[in-house]
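J.: Here is how the chains run, residue by residue.
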Amino acid sequence: MYQVRDLRLSFPDMTRKPLFGAAPRIEILRGLSFDVSKGAVLGIVGGSGSGKSTLGRTMLRLLEPTGGSITFNGRDITHLEEDALRPMRAQMQMIFQDPMSSLNPRRQVGGIIAGPLRVQGHDGIPAKVTEALDMVGLPRSFANRYPHELSGGQRQRVGIARAIALRPEFILADEIVSGLDVSSQAQVLNLLQELVRELGLTLAFISHDMSVIRRLCDQIIVLYQGEIVEQAQTADLFAAPQAEYTRTLLDAIPLPDPDQVWA
Amino acid sequence: MRDARGDVKRPIGLRLWLSGGWLILLVLAALLAPWIAPQDPLAQDLFTSRLPPFWEAGAEPGYWLGSDSLGRDVLSRIIHGARLALIVALVAGTLTCVIGTALGLIAGYYRGWPDRIISRFVDIWMAFPPVLFAILLIAVLGTGLTSIIIAIVVIDWTRFARVIRAEAMTQGAMDYVASAQVAGRKRMGTMLTEILPNVLPTIIALLTLEMGIAVIVEAILSFVNLSISTDSPTWGGMISEGRTSVHQAWWVLVFPLITLFLTVLSFSQLGEGLKDRFDPVLR
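Chains as they are written, first to last, in this note's numbering: chain B, 46 to 308; chain F, 452 to 734.
Don't take every hint at face value.
[As the list claims (entries may be wrong)] If we take Cβ atoms under 8 Å as the criterion, some of the chain B residues that face chain F in the derived model are:
hint, residue
1, Thr123
2, Phe141
3, Asp143
4, Pro161
No lab work stands behind these hints, which were simulated from the structure alone.
Glycine included, C-beta positions come from ideal geometry on N, C-alpha and C.
Just need the whole structure built from these sequences, with the hints factored in.
T.: Structure below.
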């Protein structure tokens with residue numbers, strides 16, 4: 046579904062801009078190549094500042110790459126204009142990290158879910174909104190609530206409902222459980238897993254948490270400072286990590302070991 | 452699941468009652484001025500000059516708040532002056548709001564060159580002393596209601612542009628804007644349907660503030676004799692006339708001043724009250 050080749054992205058560093066002349070550029074993504082095949086659940090993992098969120102936003106073309114190419118469903122979208130991208134947007138949706146800022150605070154949940162459907166010119170919108178609410182396990186009466194009246198987990202479900210309402214082929218989930226408590230995390234992850242299976246979604250799941258990735262994904266990309274340091278099937282990666290950085294990440298997983306000695 | 456939000460009472464606060472009440476009273480006074488004013492606001496009569504308000508010795512019935520040195524009834528002049536004050540407040544306030552908000556939204560949301568142009572303009576504009584600028588404008592345009600309104604709009608749009616730009620920038624950085632892009636919403640649509648509703652509480656607060664300011668600016672211009680001709684009574688004009696005889700007839704100065712003060716205060720409190728009442732996020 047996605048072919049990403051030698052993807053590069055850099056921003057001008059305005060803090061170190063000389064008085065005259067161009068600012069030096071900060072390289073965020075330094076030549077990434079990978080494929081996402083249809084139906085795959087890809088985990089993108091890396092530490093803070095590794096460029097994983099930037100990679101996600103570039104894949105959805107919220108950012109324009111400075112080099113390389115992105116092909117989605119056989120079409121080169123690397124430098125496509127927003128007008129040309131717009132009809133394709135229905136096929137690629139995103140669930141955001143912070144469910145508070147990703148939901149318009151002055152719009153009711155029903156309106157938030159209906160928004161993309163309306164933009165993409167669907168009909169029978171109320172029925173589709175109800176269906177989406179049912180699928181994410183929220184009561185239908187929530188359609189008349191404002192985001193601040195919901196809990197964190199419920200908000201994130203609204204975010205998921207908005208993404209799946211369009212029945213996209215691909216969904217990018219950017220750190221969607223990092224702001225939730227552990228029990229809500231588990232619920233949201235279960236829900237996502239179920240939806241992926243039911244709707245045959247292709248999913249890219251960005252996280253810094255290896256244990257979450259392990260549960261959900263079948264392939265993993267490990268990012269470190271804008272480069273892919275390891276790319277493997279989940280089972281292989283956990284059994285035999287190749288890169289030094291991957292081992293560091295694996296060591297950072299807290300294990301529920303009752304016999305652990307606390308120094 | 453039980454939904455008890457309907458049971459939550461949102462009382463109309465005292466703030467909204469008082470400010471709304473005063474403004475409604477003022478609107479009624481302005482609309483019905485010819486019928487409810489006890490005297491002709493322009494009728495001069497030296498036999499009734501400098502009559503004190505009704506509770507003092509020597510007051511005449513029919514001149515409730517006294518009369519000025521030309522024998523004109525203060526209450527009638529305040530009631531007739533409300534017409535001009537309210538027209539200026541509503542028309543100048545709304546026009547300023549629409550122009551400033553549009554420019555501020557564009558600058559804050561689109562950024563890039565529209566922002567650079569608009570922001571430079573605002574910076575240059577704000578470097579002019581506003582009162583002098585107004586006097587200069589009126590001198591060029593000539594006195595009259597339209598000139599006052601134009602002067603207020605031309606000077607005060609920067610207030611809106613500045614604040615709304617900052618607000619639109621904060622809102623534009625939120626994920627729900629990115630989410631609108633992911634949904635395929637056009638830039639213009641995103642600005643109007645996603646950002647504008649979130650900036651609206653600020654706009655309303657500013658608008659009501661601006662209406663108060665418009666009343667004050669009109670009073671200032673009347674004070675320096677640059678408002679409209681003395682044929683129509685204005686609060687500012689009354690204050691400036693009352694100033695000369697403040698030792699002999701304080702009521703000519705004080706009553707229009709109190710009216711002005713209450714009106715400006717009511718406008719700003721109305722903004723706050725409306726926000727408390729109708730903003731879903733504060734519920």
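J.: Which of the stated hints cannot be reconciled with the structure, identified by number in ascending sequence?
T.: Hint 1 alone not satisfied by this model.
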